[in-house]
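Peer 1: Position chain B against the provided structure of chain A, taking the given hints into account.
2 protein chains.
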Amino acid sequence: MNTPTSRRVGRPRAHERPASGLDPRDEVLGAAAELFTTHGYTATSTRTIAERAGLRQASLYHYFAGKEEILAELLEGTVRPSLDVARGLAPRTDAPPEARLWALCHSDVALLCGGPHNLGALYLLPEVRAERFAAFHRVRSELKDFYQELLAATAAGAALGAAELTLRTDLLFGLTESVILIRRADRDPGALAVATADAALRVAGVAQRSLAGLRREGQRLLAAGA
Amino acid sequence: MNTPTSRRVGRPRAHERPASGLDPRDEVLGAAAELFTTHGYTATSTRTIAERAGLRQASLYHYFAGKEEILAELLEGTVRPSLDVARGLAPRTDAPPEARLWALCHSDVALLCGGPHNLGALYLLPEVRAERFAAFHRVRSELKDFYQELLAATAAGAALGAAELTLRTDLLFGLTESVILIRRADRDPGALAVATADAALRVAGVAQRSLAGLRREGQRLLAAGA
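Going down the list, the sequences are from chains A and B. Quick note: the first sequence uses the working numbering, first residue 8, plus one each step. Quick note: the second sequence uses the working numbering, first residue 8, plus one each step.
Don't take every hint at face value.
Copies of one chain are not kept apart here, so a pair can be met inside one copy or by any two copies together.
As the list claims (entries may be wrong) - With a Cα cut of at most 25 Å, we get these calculated SDA-like pairs of lysine to any residue:
(1) K74 / R223
(2) K74 / G122
(3) K74 / G121
(4) K74 / T45
(5) K74 / H46
(6) K74 / T49
(7) K74 / A160
(8) K74 / V135
(9) K74 / P133
(10) K74 / Y130
(11) K74 / S52
(12) K74 / P123
(13) K74 / A141
(14) K74 / A165
(15) K74 / E58
(16) K74 / E134
(17) K74 / R136
(18) K74 / A50
(19) K74 / A128
(20) K74 / Q155
Quick caveat, the hints were computed from the structure, so don't treat them as lab data.
Looking at chain A on its own, in the form it has when it is part of the complex (with noise of 0.2 Å):
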């Protein structure tokens, strides 16, 4: 959607936008997430982003500073979230902390399997590692610990010993984000995010015979928008 208008040097205008109507900043997060997803982060140059976003490379710039701001703002757009919604149920003392559990873990593969792209993918790459991707590292822990929190509040968790609990966590966590690994286009996300929960629970240590109840309540927390 390139006019000739929009060779022009400065600050980005509207008429540069594809027809989509996001926000060029929105746009260029959209093009990244499926170019860094689909021919991979390395490959991928600022000058691509922002052809694929319908800006010119130096509008790109205005947005982000680079190409890592870029990877680390999808990065933390996956965890974000999860930890909002986290901190919204700890409080909810109401409900049994499994139920929480059930609501947390759901949340967290809707939010994975959600989107056009599988930005969890990106998890992996050599590069997080740097100092640069800390914020998402920070993030994505304070989730965790939230999954720790909830997690040795309940019955089958408060009887765990510390290392345990570490172990158990990691389990809970690595079953959450596997399906970032499992994630295919035949599967259907809602269904993927039910049955995680559901096994999140039996990892956590609860009985079969508790678990529709706790799932209901777990819905219950999610619709009334914990």
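Peer 2: Same frame as chain A, but now just chain B:
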């Protein structure tokens, strides 16, 4: 360990090998595993791999057609040994399917966590979707079929409908592979393998009271070299 004679053109010679005493082919695989997981696949050239392996680039091409073939071999090495274990466990109908599932998961996690480099991180490379890696995808898919077959044979699995069985297999296989996401230097791979195999049985629907006995049977199967 390059010596002046290592510059000669032709087949690689014994004196080109680094001090490790490994076969040059294995040197190439080891060097590539390190470089792909630390610098990234796209950013690594066959020249760099050859240098790290103590070979000339021409010698590397004596063993591998190129970078893709090296990656394909590394990827297949993360699934083929587990497929062999699965094939060994399948006919062991003297042991309950739950114990065999425990053994398969334990062995798979130990493989994925073994070795100095997290090769599973390479599963999510966009490049790996290419036809060139069909053999890896086929072996990984056969391995997953064994998980499904064992799960279907368990008491809880036998009660699942076809769609539920597929979904539950996704979760079991995802839980096993999730060690790729949580693999860290400060975690004991042995403890993680046991905990993940236990968690797999919980996800499969095994009751807490049966877990310890099935774990012992699973460990016996592995010790017997199933």
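Peer 1: Have a look at K74 and G122 and pick one of within, between, both or neither, based on CA distance no larger than 25 Å.
Peer 2: within (20 Å within a copy, 32 Å between copies)
Peer 1: Regarding K74 and A160, is the shortest C-alpha distance of 25 Å or less found within a copy, between copies, in both, or in neither?
Peer 2: neither (41 Å within a copy, 49 Å between copies)
Peer 1: At most 25 Å between CA atoms: does that hold for K74 and T45 within a copy, between copies, both, or neither?
Peer 2: Both. Shortest intra-copy (16 Å) and inter-copy (19 Å) distances satisfy the 25 Å Cα cut-off.
Peer 1: With identical chains, the pair K74 and P133 could be close in the same copy or across copies; at 25 Å between alpha carbons, which is it: within, between, both, or neither?
Peer 2: The answer is both: 15 Å in one copy and 18 Å across copies each meet 25 Å.
Peer 1: Which holds for K74 with A50 at a C-alpha limit of 25 Å: within a copy, between copies, both or neither?
Peer 2: Result: close both inside a copy and across copies, 11 Å intra and 16 Å inter.
Peer 1: With identical chains treated as interchangeable, where does the CA-CA distance between K74 and R136 reach 25 Å or less: within a copy, between copies, both, or neither?
Peer 2: This pair counts as both: shortest intra-copy Cα distance 15 Å, inter-copy 24 Å.
Peer 1: Between copies, within a copy, both or neither: which fits K74 and Q155 at Cα up to 25 Å?
Peer 2: For K74 and Q155, the Cα distance exceeds 25 Å both inside one copy (33 Å) and across copies (41 Å).
Peer 1: Within, between, both or neither: how does the pair K74, A165 come out at a Cα-Cα threshold of 25 Å?
Peer 2: Intra 44 Å, inter 49 Å, cutoff 25 Å: neither.
Peer 1: At most 25 Å between CA atoms: does that hold for K74 and V135 within a copy, between copies, both, or neither?
Peer 2: both (12 Å within a copy, 23 Å between copies)
Peer 1: Given identical chains, is K74 near S52, meaning Cα to Cα at most 25 Å, within a copy, between copies, both, or neither?
Peer 2: Both ways: K74 and S52 sit 7 Å apart in one copy and 22 Å across, limit 25 Å.
Peer 1: My question is about K74 and R223: at a cut-off of 25 Å on alpha-carbon distance, are they close within one copy, between copies, both, or neither?
Peer 2: neither (43 Å within a copy, 51 Å between copies)
Peer 1: Go through the copies and call it for K74 and P123: within, between, both or neither, with a Cα cutoff of 25 Å.
Peer 2: within (20 Å within a copy, 30 Å between copies)
The earlier numbered hints that this structure contradicts are 1, 7, 14, 20.
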